[in-house]
Structures are given as structure tokens and as C-alpha cells.
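Asks: Protein chains in written order, with my numbering: chain B, 1 to 402; chain H, 403 to 804.
Note that these hints are calculated values from the structure, not bench results.
Please note: incorrect hints may appear among the correct ones.
Under the rule of at most 27 Å between Cα atoms (straight-line distance), these lysine-lysine pairs were calculated in the BS3-like manner [stated by the list, open to error]: (1) LYS678/H x LYS276/B; (2) LYS565/H x LYS136/B; (3) LYS700/H x LYS765/H; (4) LYS616/H x LYS700/H; (5) LYS226/B x LYS158/B; (6) LYS2/B x LYS678/H; (7) LYS538/H x LYS163/B; (8) LYS538/H x LYS2/B.
There are 2 protein chains.
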Amino acid sequence: MKISTRALTLPVSSIRILMPYALEAGKKGRTIYRLNIGEPDLSPPQEVIDALHNLNVTNVPYADSQGDPEFISALVEYYKKIGFGMVKTENILITQGSSEGLTYCMWAVANPGDEIIVFEPYFVNYSLYSHIGGVKIKAVSTEINNDFHLPNKAEIIKAITPKTRAILYTNPNNPTGTVYTKQEVEMLIEIAEEYNLYLIADEVYRELNFTDRKHVSILDYFERIKDRLILSDSLSKRYCLCGARLGCLVVFNPELFQSLYKLTTSRLSAGFIEQKICSVLGKISPKYSVKLTKEFKKRRDICEQILGKMYGVTIASPEGAFYIMAKLPIKNAMDFATWLLTDFSDKNETVLITPASGFYLTKGRGEDEIRIAYVLEEKKLRRALELIQTGLEQYKKTRSPI
Amino acid sequence: MKISTRALTLPVSSIRILMPYALEAGKKGRTIYRLNIGEPDLSPPQEVIDALHNLNVTNVPYADSQGDPEFISALVEYYKKIGFGMVKTENILITQGSSEGLTYCMWAVANPGDEIIVFEPYFVNYSLYSHIGGVKIKAVSTEINNDFHLPNKAEIIKAITPKTRAILYTNPNNPTGTVYTKQEVEMLIEIAEEYNLYLIADEVYRELNFTDRKHVSILDYFERIKDRLILSDSLSKRYCLCGARLGCLVVFNPELFQSLYKLTTSRLSAGFIEQKICSVLGKISPKYSVKLTKEFKKRRDICEQILGKMYGVTIASPEGAFYIMAKLPIKNAMDFATWLLTDFSDKNETVLITPASGFYLTKGRGEDEIRIAYVLEEKKLRRALELIQTGLEQYKKTRSPI
Numbered sequence: 001m002k003i004s005t006r007a008l009t010l011p012v013s014s015i016r017i018l019m020p021y022a023l024e025a026g027k028k029g030r031t032i033y034r035l036n037i038g039e040p041d042l043s044p045p046q047e048v049i050d051a052l053h054n055l056n057v058t059n060v061p062y063a064d065s066q067g068d069p070e071f072i073s074a075l076v077e078y079y080k081k082i083g084f085g086m087v088k089t090e091n092i093l094i095t096q097g098s099s100e101g102l103t104y105c106m107w108a109v110a111n112p113g114d115e116i117i118v119f120e121p122y123f124v125n126y127s128l129y130s131h132i133g134g135v136k137i138k139a140v141s142t143e144i145n146n147d148f149h150l151p152n153k154a155e156i157i158k159a160i161t162p163k164t165r166a167i168l169y170t171n172p173n174n175p176t177g178t179v180y181t182k183q184e185v186e187m188l189i190e191i192a193e194e195y196n197l198y199l200i201a202d203e204v205y206r207e208l209n210f211t212d213r214k215h216v217s218i219l220d221y222f223e224r225i226k227d228r229l230i231l232s233d234s235l236s237k238r239y240c241l242c243g244a245r246l247g248c249l250v251v252f253n254p255e256l257f258q259s260l261y262k263l264t265t266s267r268l269s270a271g272f273i274e275q276k277i278c279s280v281l282g283k284i285s286p287k288y289s290v291k292l293t294k295e296f297k298k299r300r301d302i303c304e305q306i307l308g309k310m311y312g313v314t315i316a317s318p319e320g321a322f323y324i325m326a327k328l329p330i331k332n333a334m335d336f337a338t339w340l341l342t343d344f345s346d347k348n349e350t351v352l353i354t355p356a357s358g359f360y361l362t363k364g365r366g367e368d369e370i371r372i373a374y375v376l377e378e379k380k381l382r383r384a385l386e387l388i389q390t391g392l393e394q395y396k397k398t399r400s401p402i
Numbered sequence: 403m404k405i406s407t408r409a410l411t412l413p414v415s416s417i418r419i420l421m422p423y424a425l426e427a428g429k430k431g432r433t434i435y436r437l438n439i440g441e442p443d444l445s446p447p448q449e450v451i452d453a454l455h456n457l458n459v460t461n462v463p464y465a466d467s468q469g470d471p472e473f474i475s476a477l478v479e480y481y482k483k484i485g486f487g488m489v490k491t492e493n494i495l496i497t498q499g500s501s502e503g504l505t506y507c508m509w510a511v512a513n514p515g516d517e518i519i520v521f522e523p524y525f526v527n528y529s530l531y532s533h534i535g536g537v538k539i540k541a542v543s544t545e546i547n548n549d550f551h552l553p554n555k556a557e558i559i560k561a562i563t564p565k566t567r568a569i570l571y572t573n574p575n576n577p578t579g580t581v582y583t584k585q586e587v588e589m590l591i592e593i594a595e596e597y598n599l600y601l602i603a604d605e606v607y608r609e610l611n612f613t614d615r616k617h618v619s620i621l622d623y624f625e626r627i628k629d630r631l632i633l634s635d636s637l638s639k640r641y642c643l644c645g646a647r648l649g650c651l652v653v654f655n656p657e658l659f660q661s662l663y664k665l666t667t668s669r670l671s672a673g674f675i676e677q678k679i680c681s682v683l684g685k686i687s688p689k690y691s692v693k694l695t696k697e698f699k700k701r702r703d704i705c706e707q708i709l710g711k712m713y714g715v716t717i718a719s720p721e722g723a724f725y726i727m728a729k730l731p732i733k734n735a736m737d738f739a740t741w742l743l744t745d746f747s748d749k750n751e752t753v754l755i756t757p758a759s760g761f762y763l764t765k766g767r768g769e770d771e772i773r774i775a776y777v778l779e780e781k782k783l784r785r786a787l788e789l790i791q792t793g794l795e796q797y798k799k800t801r802s803p804i
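Pulled out of the complex, with its shape left as it was, chain B reads as follows (with noise of 0.2 Å):
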């Protein structure tokens, strides 16, 4: 029986690809500490779980389309109180999470053959959306040294082709953290007012900034780039929500609106119960966002003092977002990262950690780097980081003279 070809070349997740040996090592009966998925440890906010107890249905009917109108609305409040007060009901479409609003997005800006911009190392997922609806990813290079900044415009116009038909870029980052300058994101705005491109941003991470910089939103520049502006978001990481599977796409050119709505109605709806829970997201304070940053930003510091003390280990400085990406003394992240849970253990314990090489476009590039998602409390992070040290140690020795 014939597979299709769009199926069989599908990539596996480099963040999902080590499963398999994870759990293998979980069978041995090892202690895997993960920092490989970028899902929090903590707990939504305390009015979604007491929403969720008190929740009273006695039917489950589809939701609108759209999205439930209780849950917009409550978006259109959270939007409000950020200072994005022109997004409004007829603006925003919900969707099961970024990953079904990125692709939707994908979809309705770029026909089979048509280029996307990103910027690599690119959330790896991007790829799978794009591949599914036949639009190639064209990945512009940022670099670790330069804590994965943009280049230079000069370097970002060479990307472009007659076939270009938007930038999708990630601020705060995934997987590097780097939280864009005003600057970088007007540079986008230019280049794409410049090309007629559309501009994605995809600021699911938004609240989690570390810089004394306030974050810079596409929605700052709704004036000047209405129609050619798309904000993809999600309650996934902001309030600790992945498993509800809840995001939104903002949306202001109703031409797109109607075609990304089209294509919401062949899934008919996102989760009625879900919606209904989360409806009191306009009620949350905005404290609950200011204590997660303030987990995070410790863990990131615990994240650099100790990968920056590491023999021959090169990090970029993470200002937002719960990743940080790390250059490694060897040859291959890959085997490192599969070795970890084969191989080595420590008082029976191992590490479960993303290689960057699937985060590049660029054959080559980032092989010799990982992906470390600091989604662990702080002892099991400092307990997770030595382990990268120790079984690095042994590596070195056994596997890989370098």
C-alpha cells in the first residue's frame, strides 16, 4: 500500500524524536530529568481551575467556528489590558493552539511552491506546517555570538524571492529567547511594507521578557500595517495551559479573516470545554504573568551560571521565553543527546535534551548545538545541569575524542 510522498517525507519533531530511547530509559527504571518539551511545570492561573470545578454543562454542543463568543470576548478584554484596545471580536479567530494557527496562516498566505521567511534557528514545528501545505521555509541565519539577533537588512532582503510571500518571526524567541529590539521588529515592518509581504508574529511568549525593554508587539504597528499583519498566540505557555489547546490568530485584513475563517469551519470548532474554562482569562490578574517571568528569569540564570562555567560550552544570553540554546565541545548533539538516555547514567538518573540541529534549515549548522527548556523547578534543573556536565565529562572520554 503507497504512502503519499507529503507523508512520507514529513520531519519528526527534533524535539520528539528521542521518545523512543526516553522511554526505554524510563523502562530500565532511570530517572529522566526532561528539559527536551517547552511545557511548563507550573500551574494555570487558579480561576481557570476553579472554572474548571465549578464548570456547569449538562450538554457539550460544538463551538462556534470562530471561536465561543464568552471566550473571545475575554481575549478582546486580555488584548485591552495589554494596550492593544483595537482588537476586537471580528479580529480574532481561535484556534486549537499556535501550531493550527500558524498552519491555517501558512495555508491562506502562501499557495504550494510559495516561500515563508523565518529565522533560524526556527521553532522546529514551523517546518511540519509548512510542509503539510506545501510552502517552503526559506530560514535567514542568526547567530549564537550575536545572542541570535537579526542580521542586518541587507541580509534579510538576499532571502527574498518572487515567490516570498511573508516574514514569520517568534518574540520572544523559541528556541533561543532573544526578545527583538524595537529596531529589529520596524526593520521586519520595513521590509515587508518594502516587498508587499505579510509579517507573522508569533508572541506566544510575550509576558515572559527579561530586559528592562518593554516588548515590542506587531500590534504596536497596527496603524501602519493593518492589512498586511498576522499575531498568532496561544494560552499554552503564558498561562501554563499546552494541554488545552487554545490560541488565537489576530487578524485585521477581513479579506484573510474570511479565508482563515473558511478555513476553521472544516474543523468545525476548537474545544467547547476548554473555551468555556477559559473564559475567565479576562479576570486574571496580571501578577500571575509577573511571578512566571520571575520563575523563569531565575531559572535562566541558574540555566547561565552553570552552562556558562562548563569546559568549552558557548550560550547565548536568553532575555524571555524558557529556552536556552548551547554550543557544545563535540562533534555530534544528536549522539550526545541519544548517549544520554542509551548509555550514561548517574545514581540511575539521565537527561532528556533537544538537539538544535532540526531548529536549522542549513545543512550543517547546529550540530553541534542543543535546546535546554527550563521547565524544572530549581533543584531538578541544577541536578538536570550537572548531569549535562558529568555525562559531557564522560562523553568526551568515551565517544568522541575531539
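Take the given structure of chain B and dock chain H to it, following the hints.
Replies: Showing chain H alone in chain B's frame:
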């Protein structure tokens, strides 16, 4: 700003196309009896409601991409109970409703330009799933006079080309309510074998069978066609859980399973809370389905009785699910359905029905037909059917001299 051709040309579901008119009529204070969407008005099993109220979670993490292990176990238990003990954990992929499952199926078995055979009238969203992936739907006609049972083998084979990859059928059928006989299912199996095609069975209405015949599942032929069979299933209809967005694919071909699994990783996971709640499904008494089927059979009888007496109306006798197709003595059912919302009211009440042309691929077919989803309790259903009759009489006088 350009929109992609695939988004611009994506059809609008004929089930939802009249929603703006319904909204307008609602604003005028008009009561609308909704017979358009296949969403039961009944409550989910009490076990599910209880599980929701008793759910004790403090974290909402991603579920596994394949699905929550507990929920998968509940489905294994369900299949075992109905006689399909061959369905194991490694054969089940949890999907966000059968919408997602069928979309992934089409992408995995067909490349852009490849063809999948369906039987018209067919569930309109099949066109949306296939359109998104560039897959071509080819429709073999079934006829109201034959209660929409399948044509003979030669008719079906005529539709097969070198690009055909699969046959997709719905049993019991939406929109016709037809329950296929053993002979019909076996004929499809023969064709799939002879032409080396996948056979995709959408059995989301499995239990809603009003005939004395046992429902013939594709799983009854597991041994014979395990590499080419795909079962698409859902909790939406069987357990009145449309808004839970949970379904599954059952696949025994390991290579196909792996490809479908990769597709599920692209959206990370289905909803965590709903999967936790629905993990009780293995415990639900078969009495729930018996009661549900009895209720829908009663409504089917009411529809047959009332519609059957209407002057000039032809119906097919539905054998399952909760839909009935009716051929009206007018030229344009889309115009009539719209008119019911914009121009008609009786005691300030009107009715929302689905024009059936969207269920047909062959141009011109179904233009005088409607689909009624009998998803209202008896009293409301009787009133809704009365409104159709009154509407028809008025419409014929004022609008469509035939």
C-alpha cells in the same frame, strides 16, 4: 495583499452557509428551529459529566501526540466490548474529532492530484479536508429512489483511475441515513482489493442503526484487509460530545500508522482535559446507545410520517444516524432555505434546514433537495416540520411558480 488560491477556492460548508441569515433572523427576535447541524440535543453519558465535575488536575500539560494512554485504553475497552478485540493500543491514534482524522487520512494516502472516491450525496466537509490537501474527490452517485444504497460494482469501478488511492464511505451515512448491507460492504472490500485501494470507513454513527440487521463494520473484515483498512471514529455523535473534539483513527498497517502519527505530532496533542474526562468511556453501559438509538428512531418515524404526507415531497427512508434527505417540489432549495430565514415567519417562528446541493459533486444534482438533522425533541421537531410545510406552501405561491 494576496490570499492563496487554496484558501480563496475553499468551499463554504453548506451546513453553515446560512448562518448569517439565521443570525439576522435571530436579531429580529424570531425563534429558529435548527435542523441544520448534526449535533444531538441530548446529554452525554452521566459518567462523563461526573468525570468532568470530579476531575482533579493542577496541571494541564500536552497529551502524547498519539493520545492520552488512559483514553486510548478506554477506547481499546470499547472496541473489545463491541466485538473488536483486535484493536490494540498500537492501532489507535487520537484525533481532534473525525474531522482531523479524515483530513490526516487523505493527506497520508494521497498526494496532491490523487483521487479518493466517495458516494454522493456525501458529508460536505469531505470536500474541505480534500481541498486543503489538494486531493481530488470523485463522486459516485447514489439515488433517493434507491434509499441511497450503493450502485452496482460496475458503476463504482467506472470512477476508478490510475490516480485513485482510496474509497471513503460513511456507514451509517450522513446525510442519507443509509445503513449499508453486508453485500454492499463486501463489494467495496472486493473493489479495494482488486484495485489495490485503501478503504476508509467513517463509522461515527455505528450504534445509531434502526434496522434489524447488525451493523457491518469494516473491522468485521480485519483479517482480510488489515493493511488497507482505515477506520475513522468519533465520540461526537455516539456520546453527544460534539464539542469535546475527540475521535480516533484505527489503523493496522504499521507504515501508515507511522505516517499518520507524524502528522499528529505537527499539532502536538489533542485536548488534555477532554481526554482525561473521556477516559471513563470504557465504563459506559451499552444501554446509553440503546436509549439514544430509540430516541432517534422515534424522531425518524415522525419525520417520515410528516414529510411523507407533504404534497410533492419525496423522501428516502433513513435506516440510521439522525438525518433525512427530502426532495422538495421546488427548483432551488438553497433559495427556499434562505427565504425561510429572510422572508418567512409563522407566529414569529421559522426553521433552519440544509440545502443539499453542497452534498453533491455532480453539477445540478441535489438542487431541489434538503437535509434535515432531527436533532430536536419531539414537540419542537413536529413544529419545525410544520414550519417547513407552511413555508413550502407560501413559498410556492409567492416565489416559485412551478
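Asks: Each hint should be assessed against the structure and marked as holding or not.
Replies: Now the hints, each set against the structure:
no. : hint                : in the structure
1   : LYS678/H x LYS276/B : holds, 17 Å
2   : LYS565/H x LYS136/B : holds, 25 Å
3   : LYS700/H x LYS765/H : violated, 34 Å
4   : LYS616/H x LYS700/H : holds, 19 Å
5   : LYS226/B x LYS158/B : holds, 25 Å
6   : LYS2/B x LYS678/H   : violated, 35 Å
7   : LYS538/H x LYS163/B : holds, 25 Å
8   : LYS538/H x LYS2/B   : holds, 17 Å
In this structure, the hints that do not hold are numbers 3, 6, in rising order.
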